[in-house]
Amino acid sequence: MGKMKVGAFGVMYDMQDTSKGMYWTDPFAASKEAVKYLREVEKVDMVIALTHQFLDDDNRFSQQVKGIDMIYGGHDHAAMLQSNFGTTYLKSDLNFRSIWISDIKYYGPGRDTSNKATTPFTKMSHKNLQITSGMPVDPDFEAIIKTYDDKISGLFKRKVGSLCAETDLRKNLVRFSEAPIGNFFADAFQVYYTKATVDAAVMNGGGIRTDKLWPAADLSLGDLISWSPFGDSIVVISTDGASFKKFMSFKMIDSCKPGMLAENGHYFHMAGMTWTFTCSGAAAGAITSLKWDGKSRTGDVKDDDKLNLALSTYMKGLFDQAGGKAKWIVDPNEATRIEAILEAFIKKNNDSVCPKLEGRNKVVPPS
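The opening residue of the sequence shown carries number 1 in full-length UniProt numbering; numbering runs sequentially from there.
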């Protein structure tokens, strides 16, 4: 037995977002610099990387960034273990459904039986443990949790309406294709504000959470918050067709992989417009149809069309990154949170949530 020194660093994907005064560098280049510093300056024996990026990036990261002994990652919302190539990595589950337990043994430099110098190495094993109500608990931690439970329990006692049918909020629907719940969100955004006519509204698939199939049953305010728990508000901007198309193309290419569709947290669930996006390869594609839905405006959405668009504060940041031009109609200081907008929309619809598929949008995979 002896002493060892462990170094760790964190890295995430390039968000391409300068709106908060931050700047971003290439995550792989930054990681190589971090490893070099830990190894050469801090003289650590082991390096652990904490990553927040998609599976494809972790695959490349594990092979291209040398000198790392173990990678712990997140962002895909699914428990994964990869040990077949590059550095071993674990990916975390979501909502504490499971945890990983790692047993890592480090063997430092030494001498073999022939007195030849040996290089350091590690041996490791990993176990995924499902979180269940039957597990032992820590009383002090449970007491802290109870204080939060007491605060939020009232939200789940306040009924706001009911689902008229089983409704799918799973990510393998809302991040890949049109979804009834996506239509419901967008419809609610479009009709909420009366300050000006809202021509179209968009809700991103990744903003719809819980990843489960909801039964036809009563809904509480707490349920609505759990559907989109980030505290986002909905703003309205005045823009044009060309800017909207630039915005849509900027994020919908994330749906495109070679020969297949990719999970896309920015999938455009829309009201006021219908669209088709056709993929041509990895992160490549184009809008092949974009039309007004025929309720108040008809025909193709033209570049010089003026329109008022409702979207979340988060998506407005992406609109800006795409280079869209806009003026505020409802700015963040005037905006209303998503759950309040959903509750108001449910009340307008006789306390019922009854969304349906309407053929509003689709992504065509690469041929």
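These aren't lab readings, by the way, just hints derived from the structure by calculation.
For clarity, every value in this text was computed on a predicted model and none was experimentally measured.
Among the hints, a few may not be true.
Unchecked claim - With a Cα cut of at most 25 Å, we get these calculated DSS-like pairs of lysine-lysine:
1) K302 with K159
2) K127 with K157
3) K195 with K348
4) K43 with K116
5) K295 with K212
6) K306 with K195
7) K327 with K348
8) K347 with K291
9) K5 with K116
10) K157 with K347
11) K146 with K36
12) K43 with K123
13) K348 with K246
14) K212 with K245
15) K302 with K327
16) K362 with K251
17) K146 with K159
18) K116 with K105
19) K43 with K105
20) K325 with K302
21) K157 with K146
22) K66 with K36
23) K291 with K251
24) K123 with K105
25) K195 with K212
26) K327 with K251
27) K325 with K245
28) K123 with K245
29) K327 with K246
30) K159 with K245
31) K245 with K146
32) K246 with K291
33) K116 with K127
34) K327 with K306
35) K347 with K257
36) K325 with K348
37) K291 with K245
Consistency of the hints with the structure:
For the hint pairing K302 with K159, the CA-to-CA distance comes to about 43 Å; that exceeds 25 Å, so the pair is violated. Taken as a hint, the K127 and K157 pair is broken in the structure, with Cα atoms around 38 Å apart against an allowance of 25 Å. In summary, the hint linking K195 to K348 is supported, as the alpha carbons are separated by about 18 Å, within the 25 Å threshold. This hinted pair checks out: K43 and K116 have alpha carbons roughly 23 Å apart, not beyond 25 Å.
Between K295 and K212 the CA atoms are separated by roughly 32 Å; this puts the pair beyond 25 Å, and the hint is violated. A distance of roughly 16 Å separates the Cα atoms of K306 and K195; the hinted pair therefore holds under the 25 Å criterion. Of the supplied pair hints, the one linking K327 and K348 is violated, its CA atoms being roughly 29 Å apart against a limit of 25 Å. Straight-line distance between C-alpha atoms of K347 and K291 comes to about 29 Å, which puts the hinted pair past the 25 Å bound.
Our distance criterion of 25 Å between C-alpha atoms is met by K5 and K116, whose separation comes to about 24 Å. At most 25 Å may separate the alpha-carbon atoms for a hinted pair to count; K157 and K347 meet this at roughly 17 Å. A distance of roughly 44 Å separates the Cα atoms of K146 and K36; the hinted pair therefore is violated under the 25 Å criterion. For the given pair, K43 sits about 20 Å from K123 by alpha-carbon distance, which is consistent with the 25 Å threshold.
Of the supplied pair hints, the one linking K348 and K246 is violated, its CA atoms being roughly 33 Å apart against a limit of 25 Å. The hinted pair formed by K212 and K245 fails the criterion: a straight-line CA distance of about 31 Å is larger than 25 Å. For the given pair, K302 sits about 19 Å from K327 by alpha-carbon distance, which is consistent with the 25 Å threshold. About 14 Å separates the Cα atoms of K362 and K251, which keeps this hinted pair within 25 Å; it holds.
For the hint pairing K146 with K159, the CA-to-CA distance comes to about 22 Å; that is within 25 Å, so the pair holds. At most 25 Å may separate the alpha-carbon atoms for a hinted pair to count; K116 and K105 meet this at roughly 22 Å. At roughly 19 Å between alpha-carbon atoms, K43 and K105 fall within 25 Å of each other, so this suggested pair holds. Taking the CA atoms of K325 and K302, the gap is about 15 Å. The hint holds against a cut of 25 Å.
Using a Cα cut-off of 25 Å, the hinted pair K157 and K146 holds, with the two alpha carbons roughly 16 Å apart. Using a Cα cut-off of 25 Å, the hinted pair K66 and K36 holds, with the two alpha carbons roughly 9 Å apart. For the hint linking K291 to K251, the alpha-carbon distance of about 18 Å falls within 25 Å, and the restraint holds. For the suggested pair K123 and K105, the alpha carbons sit about 5 Å apart, so the restraint of at most 25 Å is met.
A hinted pair counts as satisfied when its Cα atoms are at most 25 Å apart, and K195 with K212 does not qualify at roughly 35 Å. Restraint check for K327 and K251: satisfied, since their Cα atoms lie roughly 21 Å apart, inside the 25 Å limit. Annotation: proposed proximity of K325 to K245 holds, straight-line Cα distance about 11 Å (limit 25 Å). Of the pairs offered as hints, the one joining K123 and K245 is violated, with about 52 Å between alpha carbons and a cut-off of 25 Å exceeded.
Between K327 and K246 the alpha-carbon distance is near 16 Å, which keeps this suggested pair within the 25 Å criterion. As the CA atoms of K159 and K245 are separated by approximately 39 Å, the hinted pair breaks the 25 Å bound. For the proposed pair K245 and K146, the alpha carbon gap of about 47 Å is over 25 Å, so the pair is violated. With a CA separation close to 15 Å, the supplied pair K246 and K291 stays within the 25 Å bound.
The suggested pairing of K116 with K127 is violated, with an alpha-carbon distance near 35 Å, which exceeds 25 Å. For the suggested pair K327 and K306, the alpha carbons sit about 11 Å apart, so the restraint of at most 25 Å is met. Annotation: proposed proximity of K347 to K257 is violated, straight-line Cα distance about 41 Å (limit 25 Å). With a C-alpha separation of about 33 Å, the suggested pairing of K325 with K348 is violated against the 25 Å cut-off.
For the hint linking K291 to K245, the alpha-carbon distance of about 11 Å falls within 25 Å, and the restraint holds.
Taken one by one, the earlier hints fail for this structure at numbers 1, 2, 5, 7, 8, 11, 13, 14, 25, 28, 30, 31, 33, 35, 36, listed in ascending order.
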